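> Chain B: place on chain A using the hints.
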Amino acid sequence: MSGYEFIETSIKENIAVIELNRPRQLNSLNRKMIGELVVAMEAFERNDDVRVIVLTGKGRAFSAGADIDEMTNTDPISLELMNQFADWDRLALIKKPIIGAVKGFVFGGGFELALCCDILITASGTEFSFPEVGLGVMPGAGGTQRLTKLVGRTKALEWLWTGERISAETALEHGIVNRIVLAELLMEETMKFASKLAKQPPLSVRLIKDSVNKAVDYPLYEGMQYERKNFYLLFATEDQKEGMNAFLEKRKPDYQGK
Amino acid sequence: MFETIRYDVSDGVAYLYLNRPDKLNAFIAQMNKEVKEAVKAASSDEQVRCLVISGEGRAFCSGQDLAEVDEKMDHGQVLRNHYGPMIKQIRQCEKPIIAAVNGVAAGAGFSLALACDFRLVSERASFINAFIHVGLIPDSGNLYYLTQLVGQAKAAELSILGEKVSAASAVEIGLANQLIGEDNWGKGVNDFATRIACLPTKAIGLIKRSLKAASTLSFEEYLEQEAQGQRIAGLTKDHREGVTAFMEKRKPVYSGR
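In order, the protein sequences belong to chains A and B.
Residue numbering for the first sequence follows our numbering, beginning at 1 and increasing consecutively.
Residue numbering for the second sequence follows our numbering, beginning at 259 and increasing consecutively.
Simulated from the structure, these hints should not be mistaken for lab results.
Some hints could be false.
[To be verified] List of simulated lysine to aspartate or glutamate pairs, EDC-like, C-alpha gap at most 16 Å:
no. : chain 1 : residue 1 : chain 2 : residue 2
1   : A       : Lys-95    : A       : Glu-42
2   : B       : Lys-470   : A       : Glu-169
3   : B       : Lys-495   : A       : Glu-184
4   : B       : Lys-466   : B       : Asp-375
5   : B       : Lys-466   : B       : Glu-484
6   : A       : Lys-192   : B       : Glu-482
7   : B       : Lys-291   : B       : Glu-261
8   : B       : Lys-445   : B       : Glu-381
9   : B       : Lys-294   : B       : Glu-261
The structure presented is a predicted model; accordingly, all values stated were derived computationally and were not measured.
So here's chain A without its partners, still in its complex pose:
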């Protein structure tokens, strides 16, 4: 796959990898990069060879944030008309699992992008931060919403108001990341996790993501009803039959994603 200017993509053994590719700018996010990212994600969403999407950054940082040059001379009306965050909304519609492998700096828009991932694996020494307040603005691509839903109002306000750096250990403590691995092994460990996930029945994985996401937005009763329907739906899959038969026959299941 090619034709992208600011990202690089590849597929190997049912795992698609997307790499932010502006390492000299510490992968600062411009609008075109986000546009390319969404196009790539949506293509992988439709590609039957892809079961898991890994998102990472080339070079020493995942992303140091949005490209400030792009924003310096803008005004509210052109921002409204451009509607750039519609691309971010599309990221949230991806149903396949997205694993973020992050290292170095995960700042601002980069942090918001990381929060769009379903699983985050982080290199030790990684720092997270929302520095927008220091520029007289605030996060605009979900930072205040996703962080708050993740860690609660108390710490979200503190981190968003001060812009202070959050260590990988603190991020782990607050459930922002799933695990910390030694930096040298970030991709190796991420790919190990991704290939485990790629061997799980894809429709289960998909409907689990769908249901868990509803838990964030729905009241409990509605969430429970929603979960139930997804649970019932899985009994229409071949993988359910394969999974249960394999269990009874004491063999390993082979899931087809159907």
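For chain B alone, coordinates are given in the frame of chain A:
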């Protein structure tokens, strides 16, 4: 480029000398900053495989320069802004660091020596947790390291009584690794540093990570990090060299990669 320290590299060893001998190498803010910068430089310099920290003149380091202390000073902020960043830089360094304690190491000078991986002491060396003598508490990571080295009881005694520990008793209580005689001091330190610089440097860095993890992680987490560390070590050239040399019954020559 440095004014309060001297820094040079030879044969894979970086030598950092605190260089305010007329003040017994007492810390001023600039020296905190320069030590931090030098440690950072040594950490990223591929030529460097071992770092030695020592003092010019008759002292190792007498701690904070009291001439800089006045009534308005916010001692907490001084630690956060000057000593903390220096000690953190030392803790982050993946290369072996030797404190060559040539004379008195008092107060924050004691702390500096504690933050290193090895402490070599000359006969003229001594350690004093002098903070109590001016109504302060040990700082710059002092008790974090000291309790690990000598245990709670001895750390309490040294901090509350503030008595001088001689070079010989420092070795005895596990505070220092080795006493080197006065006439052999310079050569002894160089030999030790050169020996360390010839070891598999990456593995040393990974051992340092494991040592830190041992005091911060749970056992399960520690075992996982250990597995990751061994995976990284297993990919180094030096590991291959070690195995090959063993098979060929010769001495290994490590490149630090």
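> Indicate, hint by hint, whether the structure satisfies it.
So, going through the hints one by one against the coordinates:
1. Lys-95/A x Glu-42/A: holds (10 Å)
2. Lys-470/B x Glu-169/A: With a Cα-Cα distance of about 14 Å, the restraint between Lys-470/B and Glu-169/A holds, given a limit of 16 Å.
3. Lys-495/B x Glu-184/A: holds (15 Å)
4. Lys-466/B x Asp-375/B: holds (9 Å)
5. Lys-466/B x Glu-484/B: Roughly 11 Å between the alpha carbons, so the hint for Lys-466/B and Glu-484/B holds.
6. Lys-192/A x Glu-482/B: holds (14 Å)
7. Lys-291/B x Glu-261/B: holds (11 Å)
8. Lys-445/B x Glu-381/B: holds (14 Å)
9. Lys-294/B x Glu-261/B: holds (13 Å)
Hint check: no violations occur; every hint is consistent with the structure.
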